[in-house]
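There are 2 protein chains.
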Amino acid sequence: MKLKAARQAYQPICPDILKNLLSLKCFEEKATHPSGQLKSLFPKTWESPFLWARKGRSLKKKSLRVGVLFSGGQAAGGHNVIAGLFDALQALSVKMRLIGFLGGPSGLISGKSKEITKQLLKPYRNQGGFDLIGSGRTKIASQEQLEASLKSVTALHLDGLVIIGGDDSNTTAAILAEYFKSQDSPVSVIGVPKTIDGDLQHPYAPISFGFDTACKTYSEVIGNLGRDALSARKYYHFVKLMGRSASHVALECALNTHPNLTLIGEEVAAHKRTLPEITKTLVELIVDRASLGKNFGLVLIPEGLIEFVPDIKDLIAELNLLLSQRKETVETVVLKLSAKSKACFLSLPLQIQHELLAERDSHGNVNVSLIETEKLLIHRVQEELAKRGDYTGSFNPVSHFLGYEGRSAYPSNFDCNYCYALGRIAAVLIHQKRTGYMVCIPNLKAHPKKWKAGGIPLTTMLHLEMRKGQMKPVIAKTLVDLKGSPYRDFVKKAHHWRLEDDYQFPGPIQFFGDPRLTDSLPLSISED
Amino acid sequence: MKLKAARQAYQPICPDILKNLLSLKCFEEKATHPSGQLKSLFPKTWESPFLWARKGRSLKKKSLRVGVLFSGGQAAGGHNVIAGLFDALQALSVKMRLIGFLGGPSGLISGKSKEITKQLLKPYRNQGGFDLIGSGRTKIASQEQLEASLKSVTALHLDGLVIIGGDDSNTTAAILAEYFKSQDSPVSVIGVPKTIDGDLQHPYAPISFGFDTACKTYSEVIGNLGRDALSARKYYHFVKLMGRSASHVALECALNTHPNLTLIGEEVAAHKRTLPEITKTLVELIVDRASLGKNFGLVLIPEGLIEFVPDIKDLIAELNLLLSQRKETVETVVLKLSAKSKACFLSLPLQIQHELLAERDSHGNVNVSLIETEKLLIHRVQEELAKRGDYTGSFNPVSHFLGYEGRSAYPSNFDCNYCYALGRIAAVLIHQKRTGYMVCIPNLKAHPKKWKAGGIPLTTMLHLEMRKGQMKPVIAKTLVDLKGSPYRDFVKKAHHWRLEDDYQFPGPIQFFGDPRLTDSLPLSISED
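Residue numbers (my numbering), protein chains in the order written: chain F, 34 to 561; chain E, 34 to 561.
These aren't lab readings, by the way, just hints derived from the structure by calculation.
Just so you know, not all the hints are guaranteed correct.
Note: identical chains are not told apart, hence a pair may lie in one copy or across any two.
[Stated by the list, open to error] Here are the simulated DSSO-like cross-link-like pairs (lysine-lysine), alpha carbons at most 27 Å apart as the crow flies: (1) Lys58 - Lys375; (2) Lys37 - Lys525; (3) Lys375 - Lys516; (4) Lys525 - Lys482; (5) Lys267 - Lys408; (6) Lys72 - Lys482; (7) Lys505 - Lys214; (8) Lys408 - Lys147; (9) Lys369 - Lys128; (10) Lys483 - Lys128; (11) Lys466 - Lys483; (12) Lys327 - Lys172; (13) Lys267 - Lys155; (14) Lys313 - Lys516; (15) Lys516 - Lys52; (16) Lys35 - Lys313; (17) Lys88 - Lys483; (18) Lys214 - Lys526.
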């Protein structure tokens, strides 16, 4: 027997309110929309209320045709959104069709799709990855892309379109909802909050799906590395963690594993800590531990850190500008940088200099996620220790990057349940002809049976941001709140972890047995 | 509730034969010892028979004092060897003491130890790591070290010494057993086969402990990366796997996860495949897959591969000789290499050139485990694809190294049971005043209740090998047998995996629920 089959048999816990979908009503709660320019961009979907599922009168079954797509990087549980959607459509319809757009938003634009049947879906229930229909990073922004999208959903006679994605993709959902309505199309557009980064949050959506599984998968590895450090007593494990700009993943993993030091990007930004200052913090840790005979340790580094370090941030901004004009080599770029950035650039190891010039994201900018921050910090620490002369301890660093293995893992029970419920809510909103909503469960700390189910009007989540010289409506990424409980809880304990070696060993995600083990919540939300 | 506590409560399955330790006898089976020079090095322990636990007459309880140490890198289950040893000593003794030597063999030499009590041991049962007493890599070889070791065991009035380690450490156990006996010391020395590398094998000891957990932990990650590749459809994941020279770990992980390509060091050596030939194999894979529209894939690389590639092997041999004389820089070394090795060296990326010169193991040799083979291969493939000109697919490689996270993981049920039984056998052999044995369970494929229990005379495992210009007795590392069933089984299937994407997703190790999931065996031995 294999885990794949065992997980296929898992039946997600369904919130009581979402059990009988035909005895529901949508309770409306007035939402406060930001004022100003945004309103003119979203005249058709402006001022929608929050929606909450309540027990209500008997709903009529309809004939429903719904499209669904994944957008962006994988997050564990995506297939369960589709499973929840599928099962709910079956319950709400006399006749239903579920169409998956292939390869993400580009499938919507080109009309490439396949029908998702019960049989096809079965092996994907409670499984990781997005491989049932694939995903992609194409952004739907131009007039042509909007028109092509409308053409696709119209050709398929869809009643609704479900977009499973992060902040950018939910922005797209808002834009599509507005556009479809402006074109008198009845297609409901519903977003589902997906991202392992944990940076798509709202008071009514405490966390996106996939965050829990990714952090638990990383914490398994980090815990093992802590045990390794403690047993071998000779290695410093430097672990960089996926998670884009925000440090939610690093913070959650720190709460799970108690490393000796965790760098938090938002803290670095708030205190304007430069690379030399961060290096000093690391060197002090190593020296203090060596004085206790501990030449080993465990350090967590969020991948977004480098963007928050003021000297590097300035350098990257200058590089982005220079590189947007033409390809530069190390030699030519150095001549054009400001004196301060030149000094910063030249202080970096050769490998990092090359990475800063060579790697570009889809906008042509420096791809910070590919910069080996963990190796940069190790290099700097080695230089500083060598300079000190009085350091008699050893320093054997090992660098790690945890990313892809966490986003495509088997979803935890929490993510299985959460995603399944999100998919069911999406079906209800489409049945109710609501558009421009992101589905949400505001009380994730409660037992899944007691979860509430609702929709957040996407327009309330938007604000205007400068993008490529233009003000654009976007959903702001939620950064770690330095006044929030998870961070405050971390700060309270982190000092003790510095020298005391309180490493925790969360171990691999468990799917069977005691629910206290199998159904645990992310600590960042359970300690909120 | 945390996994740590849940695992502490696990009760390893005890083989029936090892349940009532006072109704046992040691059945002797004649062993064939190699003839020749070795005999003269081991006159006191030569020609010991194999030993097998059989039901027998009532044994008398004794007062037993036993020392134990870990040697070398961690392997999951080490703490359970100590737990099995402890519990068995309690059953076999009127009064017992178990002493742990701290930090590995150096603790034995210096006499640094601590008593292991029931209370102290409790939180370590079924846990990963070696942190109860630590480990180390000191080799006991010189006359002074042998004398110091004897002094330590004598001062503590020990009846036995258990050495938990790999091939080198079991060689040390053989040498200590002979030395103690030659000095009329009654201390039994017993070795326990530990190594995640799987290269310490014997017909009566199909696998060392820790191999199963490490491979399952790596396979979890590799499976996730396969799912990632299949979902994103744009990455080539190149995964290097810990495991020293032999490719057992890569082979086991391949059987578990079905990657598109797995390089096997022993196969490369057998066919004398050069770096350009290996590169060609990879390029062909990428081109063939691109022609099917598949610009993604999963490739496994054993860390020992580089030692088996004939051109690199020759280069490393030359470098080891040159570097043993003095420190060389890239410039000075190039002048001294043979023409062939010079060409090979200069063809390598700068980063790898530096690694070849900078990283040394404890013997001053090139430290092959730190060479980034995965990046070297990626670099070579990129060069070749660029040269071809006709390649229109994309190639986005991501490199990974899996190592430390697998050796210090929570032991699988298999490793928990296996280690606990090995510890119990060690106690029986000490009670029976046997010395110079490695404990073994020959029929690991059977249900743990039916496991046999025995001892292999260490002298039968030795052969003579040139080390630093002298013939030394060592236990030969067992490499992958290209005629053995695991490899043949792999070859039969691997061709299909190349283009078909049959990725398996083993997922995280499960400890609770269906025993078919929780108690599975390594495929390399179950398919044997």
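Hint check results:
1. Lys58 - Lys375: Neither: 62 Å inside a chain and 77 Å across chains, both beyond 27 Å.
2. Lys37 - Lys525: between (40 Å within a copy, 24 Å between copies)
3. Lys375 - Lys516: Classified as neither: same-chain Cα gap 35 Å, cross-chain 59 Å, threshold 27 Å.
4. Lys525 - Lys482: neither (33 Å within a copy, 49 Å between copies)
5. Lys267 - Lys408: This pair counts as both: shortest intra-copy Cα distance 18 Å, inter-copy 25 Å.
6. Lys72 - Lys482: So Lys72 and Lys482 fail the 27 Å test inside a copy (37 Å) and across (72 Å) alike.
7. Lys505 - Lys214: within (20 Å within a copy, 83 Å between copies)
8. Lys408 - Lys147: neither (44 Å within a copy, 38 Å between copies)
9. Lys369 - Lys128: neither (64 Å within a copy, 79 Å between copies)
10. Lys483 - Lys128: Answer is neither; intra-copy 30 Å and inter-copy 57 Å both fail.
11. Lys466 - Lys483: within (25 Å within a copy, 64 Å between copies)
12. Lys327 - Lys172: between (49 Å within a copy, 22 Å between copies)
13. Lys267 - Lys155: Close across copies (25 Å), not inside one copy (48 Å); limit 27 Å.
14. Lys313 - Lys516: within (25 Å within a copy, 56 Å between copies)
15. Lys516 - Lys52: Answer is neither; intra-copy 37 Å and inter-copy 57 Å both fail.
16. Lys35 - Lys313: For Lys35 and Lys313, the Cα distance exceeds 27 Å both inside one copy (49 Å) and across copies (35 Å).
17. Lys88 - Lys483: within (13 Å within a copy, 58 Å between copies)
18. Lys214 - Lys526: Neither: 51 Å inside a chain and 53 Å across chains, both beyond 27 Å.
In summary, the structure is inconsistent with hints 1, 3, 4, 6, 8, 9, 10, 15, 16, 18 from the numbered list given earlier, while agreeing with the others.
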